[in-house]
Each structure stands twice: as structure tokens, then as C-alpha cells.
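Novice: The residues making up each chain are set out below.
Number of protein chains: 2
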Amino acid sequence: MQNKEFVPIDEFSDMWDVLTQEERMYLRENTKIHHFKKNQIIYCEGEEPSHLICLIKGKVKIYKEGTGGRNQIVMMIKPKESFAYRAFLAEERYMTNAATVEATSAYFVPLKVIYEMICSNNKLAFTFIKILSKELGKAHNRTVNLTQKHIRGRLAEAIVNLVEHYGFDDDGVTINICLSREDLANISNMTTANAIRTLSSFVSEGMLSVKGRHISVLDYEKLLKISKIG
Amino acid sequence: MQNKEFVPIDEFSDMWDVLTQEERMYLRENTKIHHFKKNQIIYCEGEEPSHLICLIKGKVKIYKEGTGGRNQIVMMIKPKESFAYRAFLAEERYMTNAATVEATSAYFVPLKVIYEMICSNNKLAFTFIKILSKELGKAHNRTVNLTQKHIRGRLAEAIVNLVEHYGFDDDGVTINICLSREDLANISNMTTANAIRTLSSFVSEGMLSVKGRHISVLDYEKLLKISKIG
DNA sequence: TTAAAATAATGTTTTAAAGCACAAAGTTAA
DNA sequence: TTAACTTTGTGCTTTAAAACATTATTTTAA
Numbered sequence: 096m097q098n099k100e101f102v103p104i105d106e107f108s109d110m111w112d113v114l115t116q117e118e119r120m121y122l123r124e125n126t127k128i129h130h131f132k133k134n135q136i137i138y139c140e141g142e143e144p145s146h147l148i149c150l151i152k153g154k155v156k157i158y159k160e161g162t163g164g165r166n167q168i169v170m171m172i173k174p175k176e177s178f179a180y181r182a183f184l185a186e187e188r189y190m191t192n193a194a195t196v197e198a199t200s201a202y203f204v205p206l207k208v209i210y211e212m213i214c215s216n217n218k219l220a221f222t223f224i225k226i227l228s229k230e231l232g233k234a235h236n237r238t239v240n241l242t243q244k245h246i247r248g249r250l251a252e253a254i255v256n257l258v259e260h261y262g263f264d265d266d267g268v269t270i271n272i273c274l275s276r277e278d279l280a281n282i283s284n285m286t287t288a289n290a291i292r293t294l295s296s297f298v299s300e301g302m303l304s305v306k307g308r309h310i311s312v313l314d315y316e317k318l319l320k321i322s323k324i325g
Numbered sequence: 096m097q098n099k100e101f102v103p104i105d106e107f108s109d110m111w112d113v114l115t116q117e118e119r120m121y122l123r124e125n126t127k128i129h130h131f132k133k134n135q136i137i138y139c140e141g142e143e144p145s146h147l148i149c150l151i152k153g154k155v156k157i158y159k160e161g162t163g164g165r166n167q168i169v170m171m172i173k174p175k176e177s178f179a180y181r182a183f184l185a186e187e188r189y190m191t192n193a194a195t196v197e198a199t200s201a202y203f204v205p206l207k208v209i210y211e212m213i214c215s216n217n218k219l220a221f222t223f224i225k226i227l228s229k230e231l232g233k234a235h236n237r238t239v240n241l242t243q244k245h246i247r248g249r250l251a252e253a254i255v256n257l258v259e260h261y262g263f264d265d266d267g268v269t270i271n272i273c274l275s276r277e278d279l280a281n282i283s284n285m286t287t288a289n290a291i292r293t294l295s296s297f298v299s300e301g302m303l304s305v306k307g308r309h310i311s312v313l314d315y316e317k318l319l320k321i322s323k324i325g
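Same order as they appear, the protein sequences are chains A and B. Each residue of the first sequence is one higher than the one before, starting from 96 at the first, in our numbering. Each residue of the second sequence is one higher than the one before, starting from 96 at the first, in our numbering.
If you're looking for bench data, these hints aren't it; they were derived computationally from the structure. A portion of the hints provided could be inaccurate.
One copy or two, either will do: identical chains are not told apart, so a pair holds if it fits within one copy or between any two.
Said to hold, decoys possible - Distance condition first, Cα-Cα at most 25 Å in a straight line; then the derived DSS-like pairs of lysine-lysine: (1) LYS229 / LYS320; (2) LYS159 / LYS133; (3) LYS218 / LYS229; (4) LYS320 / LYS159; (5) LYS233 / LYS207; (6) LYS306 / LYS173; (7) LYS225 / LYS175; (8) LYS233 / LYS152; (9) LYS173 / LYS152; (10) LYS127 / LYS152; (11) LYS306 / LYS320.
None of the values given here were measured: they were computed from a predicted structure.
Please construct the entire structure, taking both the sequences and the accompanying hints into account.
Specialist: So, in C-alpha cells, the structure goes:
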């Protein structure tokens with residue numbers, strides 16, 4: 096069941112540190128690995144949740160389809176993070192879609208295995224409580240940011256969040272994620288044309304430099320300031 | 096510690112059904128009751144969370160202060176619901192403010208008591224997991240609704256949500272909550288003037304009738320349709 | 001290696017909603 | 001019972017962002 100290329104799931108992400116040796120084995124036995132190409136859909140709104148997914152490598156966007164084909168990205172996932180479990184825990188169907196933004200490998204754990212372990216291991220239950228509480232706080236923040244800030248503030252904040260989440264490449268300035276202008280727009284709640292325009296003005300103001308989809312941050316302080324003022 | 100006017104907290108809200116007899120006693124012994132007048136602030140952004148609050152009677156708004164004095168109401172609380180615990184579970188300070196919208200009584204339970212019980216009672220942990228998961232789903236929905244729908248859709252949706260949450264008075268049409276136009280605007284992400292205007296047009300279109308702050312729903316289907324189309 | 005498609009870039013027009021200003025009606029307080 | 005204040009209601013003006021249109025530039029595929 097385990098792939099020899101990869102370490103076992105319980106050693107990969109520290110969210111499983113709280114498991115007993117027995118539980119770790121149980122988790123390993125029930126974990127499978129799946130691979131996805133770039134821009135592949137992992138799950139869709141309305142489907143029944145079946146697995147917790149823990150990213151090994153690659154990047155994933157979680158988004159909701161809005162009116163008129165405009166999507167809203169509600170969160171971005173990076174390696175070691177898990178997703179696709181919320182709907183199950185709420186006893187709902189998926190309310191979001193998940194798609195890769197680059198080639199991706201991930202552990203798949205049946206949600207009933209997760210459920211059993213949450214029921215028998217308090218510490219794991221608390222791990223989920225904490226993750227969900229933090230996510231809920233972020234979601235409230237995002238709502239206010241996206242509804243009250245102007246275009247420049249929204250894009251600046253989106254870029255700041257990408258920096259904080261994915262960090263920089265070895266050069267120390269290039270953000271370690273490549274997104275289309277459309278995805279950038281869907282994170283910042285604006286049209287693609289406006290994302291392009293606003294990104295260009297950030298470049299001409301000397302805050303960023305852009306090479307295709309690679310964004311480098313030249314003046315982080317200024318970016319932060321714009322993201323706060325709105 | 097208990098007030099004779101009110102039933103014990105564990106009998107009042109069914110979220111405590113999962114507690115053992117011993118835990119119930121422990122909960123009761125540590126619960127106090129507080130009373131608030133209309134428009135009183137219960138807690139503020141930045142404060143250290145100390146108590147879980149369970150509403151006995153009255154209504155509470157949870158809101159974030161936005162730019163330029165415009166607040167965003169992120170949720171409304173009704174009797175039997177609990178709040179003020181998210182920040183504690185996420186090990187953060189409050190990110191929101193809470194204020195009464197009418198005279199309110201509430202149970203106050205120290206969060207360390209809640210923490211102890213979550214750690215010792217898996218079922219209670221799961222209760223919180225489920226509540227948080229559902230809230231997170233709602234928050235994602237709200238984000239998309241508030242960012243993508245137009246004014247009429249946003250207000251219609253806000254009113255639909257109020258109906259679903261608070262229900263009707265005995266007459267079967269008047270929504271069982273009275274909010275200022277400003278609060279209505281702060282739920283639907285618009286200016287007060289636009290809330291007033293849009294509400295008036297809903298009235299002149301025969302969907303609603305309004306007497307001061309009392310809103311009656313005359314054509315729920317139409318309201319629902321507008322809330323969905325945007 | 002050309003064609004087709006997707007993505008990026010820019011200019012122009014339109015519009016939804018904010019901003020502003022002011023009046024009327026209710027409330028609260030002195 | 002005035003006065004002061006808050007809330008509600010409207011009209012007018014401005015503006016931020018969407019919508020639309022068109023042209024480059026990449027990327028992908030045939």
C-alpha cells in the first residue's frame with residue numbers, strides 16, 4: 096500500500112505526531128498515494144467526501160464557483176497540509192472544488208479511518224479543533240478584506256499571503272508559487288484584466304518585478320503597507 | 096453560582112448532552128450568568144478570550160471593524176447558541192467584536208473548564224469539531240455571496256438567512272429580529288443608504304412590508320429567487 | 001513549423017455602488 | 001416641551017471596478 100519513494104504519512108506531516116504507535120500503523124495501512132498533473136480537478140462541489148488528502152508535493156487551490164464563471168479561491172494548499180475533510184466533519188457534501196496548480200502527489204486517507212482515530216484519540220481531535228478554529232478566523236478576515244478593501248489593497252494582500260504561505264525561492268525574492276493572472280484575480284476577488292493592470296502598476300512603482308508567472312518582491316514593506324491601508 | 100430563575104446550562108442547550116453526570120455538575124458549578132442591555136459590547140477585538148458564552152435570551156452580533164467605520168457582521172447569535180470560544184481554541188486573541196442587539200442574558204463558562212472537558216470527553220470534542228466545520232463552510236459561502244452578488248442579491252440573502260436563523264413571530268410573516276438599517280447594511284456589505292433604498296424597493300415590489308424595524312416577508316419565493324440570482 | 005488556443009496586455013465605455021448633502025421623523029435627555 | 005441626537009429616507013454626483021473590445025504574446029497541439 097505504501098510507495099517506497101515516499102516516507103510514511105505519519106512521519107511526513109507533524110499533525111500525526113499525537114498518534115500512538117498502533118494508530119500510526121493503522122494510518123499507514125490505509126493510506127494510498129495519488130498523482131495529479133497540473134490543472135487537474137481533485138474533487139468537485141456536490142460530491143460526497145471520501146478521503147482526507149495530505150499534500151506531499153505540488154500545490155492545490157480550493158475554490159468556489161461564483162456567478163458568471165468567476166471563481167473565488169478560498170484557500171491554497173502547500174505540502175504537509177491536509178484538506179478535503181471539512182465537509183465530512185460537518186456531515187455535508189463538498190461545498191468547494193479542488194484543483195492542482197502544478198503537478199502534485201498526495202496521500203489519500205479514507206475519512207472513516209480519520210473519524211475512528213478522532214473518536215479514539217483526544218489529542219487528534221484537538222488537533223482538528225485547532226486547525227478548524229484557525230481556518231475560521233482566517234475566513235472571517237478574508238471576508239472583510241475582500242469586501243472592504245480596494246483593488247490595490249486586495250491584490251497586495253493576496254501577494255503578501257502567498258509570500259507568507261509559500262515563502263521565497265533560493266534567491267530570497269521570487270515567490271515560490273506560479274499562478275496565472277486569472278488565479279491571482281480569483282484569490283483577490285477581481286477580474287483578470289484588473290489583476291493584470293494592478294500587477295503592472297505595482298511593477299512600475301518598483302514594488303514587484305515580474306517575469307511571466309514568476310513574481311519577485313522588491314519592496315515588501317511598501318506591499319505590506321498597501322495591503323493594510325486598502 | 097446558579098440563578099434560580101434559569102435552568103442549569105447543561106439542561107438548556109443540547110450541546111452538553113454528551114457530558115457525563117460528573118461533568119455536568121462540574122460545568123454547572125463553574126457557570127455564571129450575566130445580563131446585558133441593548134447595544135452593549137460583550138467583548139472586543141484584541142482582548143484575551145476568557146469565557147465561552149451561551150445565550151439564554153436576547154440576540155448578539157459578531158462583527159469586525161472595517162475601514163472607514165464600516166463594520167462587517169460575520170455572524171448573528173440566538174438563544175441556545177454559544178460563541179466567544181473560537182479565538183481560545185485557535186490560541187489567538189479575539190479577532191471580532193460582540194455586541195447585543197437587544198437585552199440579553201447569557202451563561203459564562205471559563206474557557207479552561209471547556210478545555211478540560213474537551214480533553215477528557217471525546218464526544219464533546221467532536222461536538223466542537225462539527226460546529227466549527229459547519230461554521231467554516233458558512234464562512235466560505237458568505238465570502239462568495241458578499242463578494243460576487245449585487246446589492247439586491249446580498250440584501251435578499253441576508254434577510255433569507257435571518258428568517259432561517261430566527262424564524263417568524265406568531266403571525267407567521269414578521270421576522271423574529273429587529274435590526275437597524277445600519278446593522279442590516281453591515282450584514283449585507285453595503286452602505287446604510289443603500290440598505291434603506293434596497294429595502295424600500297423590496298417593499299414597493301410587494302416582497303416585504305416594513306413597520307419601523309419589523310420586517311414581514313410577503314413573498315418568500317421571490318425573495319429566495321433574488322437571493323440566488325444575485 | 002504552422003495553426004489553434006490559451007493567456008497576457010491595454011484602451012474605452014458603462015454601470016453599480018459609494019459618497020455627499022440635506023430633510024424628515026423618531027428618540028432621548030435636559 | 002424644547003433641544004439635541006440618532007435613525008431613516010431621498011436626490012444628486014462621483015468614482016471604482018466591471019464589461020467590452022482589440023491586439024500581443026505564449027503555450028500547446030496537430
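Novice: State whether the alpha carbon distance between LYS173 and LYS152 is at most 25 Å within one copy, between copies, both, or neither.
Specialist: This pair counts as within: shortest intra-copy Cα distance 7 Å, inter-copy 43 Å.
Novice: Could you figure out if LYS159 and LYS133 sit no more than 25 Å apart (CA to CA) within one copy, between two copies, both or neither?
Specialist: within (19 Å within a copy, 37 Å between copies)
Novice: Checking LYS225 and LYS175: alpha-carbon separation at most 25 Å within a copy, between copies, both or neither?
Specialist: both (16 Å within a copy, 23 Å between copies)
Novice: Evaluate LYS229 and LYS320 at a C-alpha cut-off of 25 Å and name the case that applies: within, between, both or neither.
Specialist: Within one copy only: 24 Å inside, 34 Å across.
Novice: Between LYS218 and LYS229, at a C-alpha cutoff of 25 Å, which is it: within one copy, between copies, both, or neither?
Specialist: both (17 Å within a copy, 21 Å between copies)
Novice: Cα distance capped at 25 Å. Does LYS306 pair with LYS320 within a copy, between copies, both, or neither?
Specialist: Within one copy only: 23 Å inside a chain, 45 Å across chains, cut-off 25 Å.
Novice: Is it within a copy, between copies, both, or neither that the alpha carbon of LYS127 lies no farther than 25 Å from that of LYS152?
Specialist: Cα proximity of LYS127 and LYS152: one copy only (14 Å, versus 49 Å across).
Novice: Checking LYS233 and LYS207: alpha-carbon separation at most 25 Å within a copy, between copies, both or neither?
Specialist: Classified as between: cross-chain Cα gap 23 Å, same-chain 27 Å, threshold 25 Å.
Novice: When no copy is specified for LYS306 and LYS173, does a C-alpha distance of 25 Å or less occur within a copy, between copies, both, or neither?
Specialist: Within one copy only: 22 Å inside, 52 Å across.
Novice: Between LYS320 and LYS159, at a C-alpha cutoff of 25 Å, which is it: within one copy, between copies, both, or neither?
Specialist: between (29 Å within a copy, 20 Å between copies)
Novice: For LYS233 and LYS152, with the copy left unspecified, which applies at a CA distance of at most 25 Å: within, between, both, or neither?
Specialist: within (24 Å within a copy, 29 Å between copies)
In the structure shown, no violation is registered for any of the earlier numbered hints.
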